[in-house]
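Engineer: Take these sequences, add in the hints, and give me the full structure.
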Amino acid sequence: MAQTPSNAQSNTASPDAAAQLDIFRRMLRVERNDDATRAQIRRGRITAPYYSARGQEVIPSTMSHLMTDEDVICTIYRGIHDMVAKDMPLRPLWAEICGRVDGTCKGKGGPMHLTHPETGVMVTTGIVGSSMPIANGFGWASLLDGSKRVTVAYFGDGASNIGAFHEAMNLASVWRLPVIFVCQNNGFAEHTRYENGTSVDLISKRAIGYGMPGYTVDGNDPFDMYAHAHVAIERARNGEGPTLLECKTFRFMGHVFGDDDSYMTKEEKAAAMAIDPLPRFRQKLVDSGVATEEQLAELQTKIEAEVQDAIDFAFNSAPPPLEELRRDVFAEEIPA
Amino acid sequence: MAQTPSNAQSNTASPDAAAQLDIFRRMLRVERNDDATRAQIRRGRITAPYYSARGQEVIPSTMSHLMTDEDVICTIYRGIHDMVAKDMPLRPLWAEICGRVDGTCKGKGGPMHLTHPETGVMVTTGIVGSSMPIANGFGWASLLDGSKRVTVAYFGDGASNIGAFHEAMNLASVWRLPVIFVCQNNGFAEHTRYENGTSVDLISKRAIGYGMPGYTVDGNDPFDMYAHAHVAIERARNGEGPTLLECKTFRFMGHVFGDDDSYMTKEEKAAAMAIDPLPRFRQKLVDSGVATEEQLAELQTKIEAEVQDAIDFAFNSAPPPLEELRRDVFAEEIPA
Amino acid sequence: MSTDTMEMLKMTGQQAVSAALFEAMENDPKVLVFGEDVADREGGGVMGTTRGLSSKFGDLRVRSTPIAEQSIMGAAIGAAMAGYKPVAEIMLMNFITVAMDMIVNHAAKLRFMSGGQSQVPITIRTLTGAGWQTAGQHSDHYEGWFAHTAGIKVVAPATPADYKGLLLSAIQDPDPVLFIENSRTMFVPGEIAPDQGPIPLGKARIAQEGSDVTLVTYSGMVANCLAAATHLAGAGISAEVIDLRTLSPWDKDTVLASVEKTGRAIVVHEAVRHFGPGAEIAATIQEDLFGKLKAPVRRLGAPYCAVPFAKVLEDAFLVQPMDIAEAAKELRARG
Amino acid sequence: MSTDTMEMLKMTGQQAVSAALFEAMENDPKVLVFGEDVADREGGGVMGTTRGLSSKFGDLRVRSTPIAEQSIMGAAIGAAMAGYKPVAEIMLMNFITVAMDMIVNHAAKLRFMSGGQSQVPITIRTLTGAGWQTAGQHSDHYEGWFAHTAGIKVVAPATPADYKGLLLSAIQDPDPVLFIENSRTMFVPGEIAPDQGPIPLGKARIAQEGSDVTLVTYSGMVANCLAAATHLAGAGISAEVIDLRTLSPWDKDTVLASVEKTGRAIVVHEAVRHFGPGAEIAATIQEDLFGKLKAPVRRLGAPYCAVPFAKVLEDAFLVQPMDIAEAAKELRARG
Ligand SMILES: Cc1ncc(C[n+]2csc(CCOP(=O)(O)OP(=O)(O)O)c2C)c(N)n1
Ligand SMILES: Cc1ncc(C[n+]2csc(CCOP(=O)(O)OP(=O)(O)O)c2C)c(N)n1
Ligand SMILES: [Mg+2]
Ligand SMILES: [Mg+2]
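Chains as they are written, first to last, in our numbering: chain W, 84 to 419; chain G, 84 to 419; chain R, 252 to 586; chain E, 252 to 586.
Heads up, some of the hints might be wrong.
[Said to hold, decoys possible] DSSO-like mimics (lysine-lysine), calculated; alpha carbons at most 27 Å apart, straight line:
#, chain 1, residue 1, chain 2, residue 2
1, E, K454, R, K545
2, G, K349, E, K307
3, E, K503, E, K454
4, G, K231, R, K307
5, R, K454, R, K261
6, E, K307, W, K231
Since the hints were made in silico from the structure, they are not lab data.
In this text, all values refer to a predicted model and were calculated from it rather than measured experimentally.
Structural biologist: Listed below in structure tokens is the structure:
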């Protein structure tokens, strides 16, 4: 795909075999975890709203492969794939989704506010657009620290129409911040089709208005993602400033668990699912000799065990005590 | 000037003699009124903050010349020139600035919130960026009414960096609203130089991100202004949607009355004032035979008399009664 | 046929809102409905509340918007000033935080700042309420902010009849109205007359008569107060439940008359108690009925924290019927 | 040399704020200052409050921003979570309306929602206050909104010493603090010790002792209360003036002790009275001191309207010393 607006150069870096395998590992971890989450919801064991990112695995898996452990992300309600791809441990993730005291946020944040600084998951927001201005703060801190840390802000196509997007893009550019704005363009904002809310054919064109490079990338293709993510990360790391990556993809499960998809045609959904990036990439790995069927099956078994372990851990964890309402409001506990 | 980004066509309409004279009349009315306002402030007779637009006369004078009486504007704290150019009567304007009961807002709004629906001055806001989203509502109303009414949203270069700008531009484009976004780019946002707050060399380039035509215009040249304003207004009137006009200009009096200009060099200010659009255009009118010296002197006398009459009227008007605190909060008066 | 003799319908608050929107759009061509996903192309709203409107009234009067609450409110304000009556939806109350300038600095002030020349007859519909584990950014009750803002009315119904009647009034009101839908109670069916008409803003409703203590409340907490009243009745305490319906301006007369009668008052809301809207009501009662109260005015609201995710915490966050009943017993015990 | 024996300096609140910023940046390399026009290239702030900081501490720690309050607050939050202590300036309080999401949904909640993993030690400095004829969109007091928001502290000093001492504490506080500067009083000189250090948040100051009535206030209205107290002294009424200094959390102990002593209380603020912050204080006093009050708790605040432009209206909008004195006399007359 890689439609590039006029201000962008072409990008050619390509993942080697190990990189491909690592990207696939992350994708599979995301997908297996998502599958298990939906299964638990169907069984009535999880009651929270769930925004599946099934279909969008390539984007954070490729980004995360290229990020170091110091690099951080700011993400959104539809962001569990971003966290799992960033290798956030599954036990505290599941415990959080189940509202348990061993959750990464002690059960107080839930799936929309998962946080795990150790793996660089700094903010998860439920407010459309709000990941971006906050990401700039981490970018500024990198400059102040004199560190090479890169910050990735994830957001959706619909979010590109809200004020926070604009303000964040402009500030990042004026201040040359090491931030990468990764728009996961799945073609819909809740029930609204891209073109009914967004005034430009390519979101990447908006980068022109910020004097920033912008690329439209096939977000379902790890090679195209890799090439562009590589350029963006290098740019940020070298102090050359921010980049906007518009990564085209599709969400297979609608906006929120239970969504009836009435606002899209069966055909377009079927067409999107027919090119499901996960089996496609898996096949490619086997065909190109990067991995054997056995290797991949083993990987899958390992991941499934990790997921099952996390589920068991979560459901064995206790609900948080009521005192938690008085804790973490401020650093100092609120007296009873 | 007319640097046009890639998505814009070239514009060639030109004002005839009558049009030139009318534009000049509006400019002179703006300038004489501004001069008188500053004189009254210096004499201590007006205490409100005043944001002079001296130097920016061409922009609203040309726009207003091309607007009909039905067309409306939404403007900002630095917007008295926009109103005077729109032929708002000076008596209620002055009474308002002086906080008198005969003011257009009964003395309750003051210079930052002047309103005069009869001449199409619908909103004056003191919040940077806020003229634009409201202008869209008037644009929507034109579509609903099936009318040809055009709405102009005035704002500054600094305002192009705030979220409201972005949201308004996007909505106007998606809905094809008959709104013209007129950015009066005077090179500064309070004390901040354009390039220190704005990430793109031409604000008109931002139009690309909204699938909207955008032009950078010499806002001090009535001919360049006319050509582009004409296209934008025709476009809006014909139901073809919004346009962004970036009009380059300079504010001669700093941000607010009393500003010491320490953030700019003496040279750049002198250079800008050396090409003061008012005497330049005046000279051109005479040189090209559009008007004689006598005609223009007579025009000036007439305008000065109008201004003086307004000043006298204002200072003879009473302050508003205290009951006004309970009126106009809601349609129904608040009981004492 | 008068309302009394007509057979009552069963309807949820959501259906009542939908009915009001249909009726208002039908009766007044100036009424507009817009917001994220509200048109039928987008399924008529994420909750389906506006379903059918765009098909009936056309895409120009019923419009889905981009995700851009400032521009939603701005368009509402401009269209209102141009003579329309826009009903703008902010999907959830927390999202109103990105549109505060438009509402507070503009919608609420333009009539005053223009000396009466401008009017902004908009209705802002928004949904909120804890209880669905949507956590810290999807369930807040911020009505206190708007009650404190001069120039905007705040309406928060509790019954299907009120959802319809108050929304009809809000839409026709010449000034901005914030119309708050509560997510716990809005989908619960209740009785409503088939011809339910406008119900005046600013008038409270005595949801239950009583003589020992007055529970002053609104929105989702009316249900909890009624449950508490039932419990209290069993304990020999007669509670009067006042559903304010409109928080600003609130019906001081009805509240003061009731508290003068009972001598005891508890103000109950879902919003955080600290500097919450209940404080205004408590402060007014003590001022106007000084010396006539048998006990101090109590306030119950959410604790000072964000809405928590875990169900057990969320339940503790919300004022429960037993919290109210206990407070009433305590007051009764004091005098 | 201790403070007592040191010669006091004369300084305005603005100079005190400037001094605190210099000291905080000097002592802690993690402190950052940013906002519109704050760097010296832009004149060190429109009011000059931050003048000299960028020249001394460099352009990376002291930064002018575009006009984009959401992105100002966002950058503050991110930098704070990354270990810095940003002091972000929102030029005037009305402009905070475009940054409410960042402050309310994020800064105030991130510690809680993350179960204590995140911390957001930011200070938001902002200026406001009527009296300069800047009218409806440049002089509002919205502190009530933030007092009602769990997870953010609200500080509003009234003297140069407090401007410095409280700002030093706000900057070092591990949580978000809204620091409100009042435009009528901030440029008035007053006494301050040359080595004025941090003053703890949440502790009120008895600005004047008295025995007949307690005036509870903060920010710009401290001056008006002191003027009222002087007038009242002439009329034989001894007023105690409590300057809260921190509105949230407010110093309940000091207020209750005073009102228990005087038996009468008036809460005074510049914000609109209706659903204003004074209600919380009044409601608390009546609850905790029920039966011990000689008169109802009174509240004085701005009328229910936008800040008007005309001087005569603006004067009437603001609570004046004589309004306070009259209210005190009335209370005294009641019992
Ligand atoms: C400010 C704000 N407005 C509205 C919403 C409700 N909402 C939640 S997700 C969503 C759609 C976002 O679409 P997009 O940015 O494309 O992300 P996606 O969900 O497709 O990943 C909306 C409107 C919100 N969370 N925040
Ligand atoms: C939201 C908001 N932030 C800050 C301000 C303070 N302010 C008033 S004018 C101004 C500069 C605006 O610059 P620009 O848009 O270029 O317009 P100009 O004044 O140059 O005409 C600023 C920052 C404001 N009024 N509103
Ligand atoms: Mg999307
Ligand atoms: Mg400017």
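Engineer: Give a verdict on every hint.
Structural biologist: Tested hints:
1. E:K454 - R:K545: This hinted pair is violated, its Cα atoms lying about 32 Å apart.
2. G:K349 - E:K307: holds (25 Å)
3. E:K503 - E:K454: holds (9 Å)
4. G:K231 - R:K307: It holds: about 25 Å lies between the C-alpha atoms, which stays within 27 Å.
5. R:K454 - R:K261: holds (24 Å)
6. E:K307 - W:K231: Holds: K307 of chain E and K231 of chain W sit about 25 Å apart, inside 27 Å.
Of the numbered hints listed earlier, the single one contradicted by the structure is hint 1.
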